[in-house]
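Make the full structure from the sequences, and use the hints.
Going line by line, the protein sequences match chains A and B.
Just so it is clear: in the first sequence, position 72 is 72 by my numbering, and no numbers are missing.
Position in the second sequence (from 1) plus 499 gives the number in my numbering.
Read the hints as simulated data drawn from the structure, not as lab findings.
Among these hints, one or two may not hold up.
Computed list of lysine to aspartate or glutamate pairs in EDC-like fashion (alpha-carbon distance at most 20 Å, straight line) [claimed, not checked]:
#1 B:K837 x A:E276
#2 A:K230 x B:E700
#3 B:K837 x A:E183
#4 A:K226 x B:D740
#5 B:K837 x A:E463
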Amino acid sequence: MNIHYDARLDGDLPRRDKAEVLADLQRAAPGLTLLHREEDLRPFECDGLSAYRILPMLVALPQDLEQVATLLGRCRALGVPVVTRGAGTGLSGGALPLEQGVLLVMSRFDRILEVDPDARTARVQPGVRNLAISEAAAPFGLYYAPDPSSQIACSIGGNVAENAGGVHCLKYGLTVHNVMRVEMLTLEGERVTLGSEALDAPGFDLLALINGSEGMLGVVTEITVKLLPKPETAKVLMASFDDVEKAGHAVGDIIAAGIVPGGLEMMDNLAIRAAEDFIRAGYPVEAEAILLCELDGVEADVDEDCDRARRVMEAAGAIDVRQARDEAERALFWAGRKNAFPAVGRMSPDYYCMDGTIPRRALPRVLKTIAELSEEFGLRVANVFHAGDGNMHPLILFDANREGELEKAEELGGRILEACVDAGGSITGEHGVGREKINQMCVQFQPDELTTFHRVKAAFDPEGLLNPGKNIPTLARCAEFGAMHVHRGQLPHPDLPRF
Amino acid sequence: MATPNPTLPDRDASAELGERLRQADADGTPLRIVGGDTKAFYGRPVQGEALSTREHRGITRYDPVELIVSVRAGTPLAELEAALAEQGQMLPFEPPHFGETATVGGMVAAGLSGPRRPWAGAVRDFVLGVRLFDRQGGSLRFGGEVMKNVAGYDLSRLVVGAQGSLGLIGEVSLKVLPRPIARASLRLSMPLDEARRALAEWGRRPLPITAAAWQAGVLHLRLEGGSGSVADTRRTLGGDDLDDGYWEALREQRLAFFDAEDERPLWRLSLPQQASLDLDGLDETGMLHDWAGAQRWLRSDLDAETLREAATRAGGHATCLTPGAAEPFTPLSPVLAKYHRRLKAELDPRGIFNPGRLYPEL
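What follows is the structure, given as structure tokens:
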């Protein structure tokens, strides 16, 4: 089932004449950069989910708030949908353009407005890169904790839109836990402040609501983030296992021992080999699984925890536990993990990255299901896993040039996500639903729940012009998706009423 | 005032609760949602038929290895905390109880957090999922029993602190954490401005501070973490030992400062940690500065508007906790109020869920 916008399933969208919209916007906002020729639009046709490409009607690159407000006002008056985009690194097609819509690119809002070392906050524009915040805070011994793998390139505005995570979530939380205040423009052009520089704000927690809302409730124009003191030290242990299941149990044992690692990552044999081949991180290529366990904090506590974690992993059956000798080796251990995606990319013309989460106890069972599905579909799957918080990133290897293989990979991916939901988990831990997982939302949520989401959307955007078609499927889409699925007998309980 | 009733059995009362809601929505009967009735002072009085959550109780799933617990709204908070303590775990945001009957549902609806809040996070930061009864009585599930979940809008966190005005919280899944290995509390004599400077400086260093409250020339600190770092920091900071019970007394407002005999209204100012209040007739040294300065308590006869203007100028807001206050919460800006009304109208068009508890129009 195609994920491209389908008016029949996703709702009618007005279609305006491009030349008229362009002329209208040029008149209303004379200084606004507007791209309209095909060759200029081309670079914006996709985000990090590059298998899907749609040329937007127009691209707008505003540089001040007035331009954004004017643009929103005119688009609302004309009934033109608006898709907001940051750096375009998102992996779920959240910034996938609409051919009848304007793509609002916030990349020119790239200034760090203030770093306040006493309050331990940074006030930034949405186009600022994630890593740039930590770099600006570094002279004060502070940093911004969420660190998605794309942190060199991804923007903080996009992080808010997707509620981005990273490898340190178990201890330091997601974006929602690290953002204090957001300035937002509503579709109606009003400026609102959500949250506060204090630790709470009166009224509903709209700040929590806006994190992860994928640009569907408003346009974020400024963000105040919390900064943390850099841990005094960080040490990493690498444990090798001859069995994935043992590694899975070791993860639980570490947590049960009362240790909260800064990062706790698992890779399976295919991912280990790919990473080792690419980075030469010193990974044990014969191991069925490795765990990278990072402990950070004050020197004395970290040493204490390292000893305990080592004993726990040995007791869980690790065949070898190595502690990085120094900072250089620690960086190398992590380089292997952080480059796992491109490393896997070298083994295969294309790969498709999943993002399901599961309760940790379900890990052995879900890994087994993935192996079976991999066999069934004839596509290899490498597993990289934020083990500490149950966030899996199975990477499906395929070749888009082979007839039908992309569709096969997508179907396999969908089945993996359904296995995650079946295990009590979620279809997305940190990449977002976007357009990519719009059909799987039908598996995770019941019609009443989806209707509630639509009501929330209606409170902010009754006309449905902000990023339509993303994040929340219509009931019509789910009805069709459910019918198709039951027809193929792929759902675990085909006898249950689906919609 | 409800009395503790430890004999209530664990039970899923979804069917009755759902039926009550369906009926109320059909009749347009406003409901006053009551758990342990310990936090009625926090917010406006609700005119409505009482709907008790206390029958809907019990821990539905707790696997310490997952660091997640799921619990029905009517479960006594003390019971949940005892179950966690048995496994060496805790609710990191150390919620205030304000009475033995406090329930988990009330904790989530009120959204109040204790002394560890600036370092560990608030209630909402540990809510992973909720089951929410909507106006039709259906039980909707948002979020879940996993640490990370960004599917759909984050309604599970939206209802935290909404005081039951968007739906009836039926069950909640919370992230829990191991209790710290070591703990030490201490007191340091120092004037307010010096305490502020010290806290700003310490805040930039990875010290194991998990509570900091200044009052009347004394800074109270709690250290928690590994035994090594707690011992080292305790030695470096010096000062005198403080009984750990101080933090519970602070959290439960049982310190002499909160003296119930004092007839002046009790105010909570939520401010940026380092902010100074600029207001004639307001002596900052007479306040209790919790959360390293981000939550300040005072008893004052100053009129609400004056106090709120000063709090707003300083980047925060002011809440009046004295029962019967006409406007306990800082009024919202017109734009924000508009989106609050719209959200309420979408989710509770007939106004059955705790109408008027937060603001008259919600």
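Verification of the hints:
Pair hint B:K837 plus A:E276 does not hold up; C-alpha atoms about 55 Å apart against a cutoff of 20 Å. Using a Cα cut-off of 20 Å, the hinted pair A:K230 and B:E700 holds, with the two alpha carbons roughly 14 Å apart. Among the hinted pairs, B:K837 with A:E183 is consistent with the structure: their alpha-carbon atoms are about 16 Å apart, no more than 20 Å. A hinted pair counts as satisfied when its Cα atoms are at most 20 Å apart, and A:K226 with B:D740 does not qualify at roughly 31 Å.
A C-alpha spacing of about 16 Å is found between B:K837 and A:E463, which places the hinted pair at or below 20 Å, so the restraint holds.
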